[in-house]
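A.B. asks: From just these sequences and the hints, can you work out the full model?
Under UniProt numbering, the first residue of the sequence shown is numbered 1, with each subsequent residue one higher.
Since the hints were derived computationally from the structure, they do not count as laboratory data.
Be aware that one or more of the hints could be misleading.
[Claimed, not checked] The calculated label-pair distances, taken between Cβ atoms and stated as ranges, are: (1) W111 / A69: 18 to 28 Å; (2) T108 / G73: 33 to 43 Å; (3) S100 / E39: 34 to 44 Å; (4) E96 / Q43: 16 to 26 Å.
Just so you know, even glycine gets a beta-carbon here, dropped at the ideal spot from N, CA and C.
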Amino acid sequence: GLCVSSSFAFLPTQDASFQSLANTGRSELGQQQQKSPAEEPQQVNTIRMTCHPDSLEIVIKADMFAVGAPVDGDEIRLGVETNNQYCRATASSADEYSISVGLVECGTRHWVT
Numbered sequence: 001g002l003c004v005s006s007s008f009a010f011l012p013t014q015d016a017s018f019q020s021l022a023n024t025g026r027s028e029l030g031q032q033q034q035k036s037p038a039e040e041p042q043q044v045n046t047i048r049m050t051c052h053p054d055s056l057e058i059v060i061k062a063d064m065f066a067v068g069a070p071v072d073g074d075e076i077r078l079g080v081e082t083n084n085q086y087c088r089a090t091a092s093s094a095d096e097y098s099i100s101v102g103l104v105e106c107g108t109r110h111w112v113t
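C.D. replies: Printed below as a string of C-alpha cells:
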C-alpha cells in the first residue's frame, strides 16, 4: 500500500516582550495585550511524506517556515543519529530537500496492525 501524509510548520508569533517576561520568570502576563485574530499562527504546507511498502520519502521545502529564508540543509535529518548520512537531507532541487530511507532506518519503527 501507499500512504501520503502532510506535515505543517507554524510561523513564530511570540513577540519579544512576552519572551523577555518568560525568561525572567516574572508573571506580568496580565499587562500583555490579547492577540488579535489576524495574529494567529498561519499553517504552511512545506513538508510532504510518502510511505511505500518498504521505505518512506520526506520532501521539505527549503523555506520550511515560509518566512522567505531557507533553512540550512545540513541541519535537517530524520531521527537523532548524527553520523548516519542516509538520515540526512539532500538537495533534490534548488528549493527542496529530501530524505529517503527504509522503514526501520534512522530510529523509525515498522508496525503492522
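A.B. asks: Quick check: does the Cβ-Cβ distance between S100 and E39 fall within 34 to 44 Å?
C.D. replies: Between S100 and E39, where Cβ atoms are some 37 Å apart, the hint holds.
A.B. asks: Does the Cβ pair W111, A69 satisfy 18 to 28 Å?
C.D. replies: 37 Å, violated
A.B. asks: Verify the CB-CB distance for T108 and G73 against the hinted window 33 to 43 Å.
C.D. replies: Check failed, 20 Å falls outside 33 to 43 Å.
A.B. asks: Please test the hint of 16 to 26 Å on the beta carbon pair from E96 and Q43.
C.D. replies: 19 Å, holds
Violated hints for the displayed structure, listed by number in ascending order: 1 and 2.
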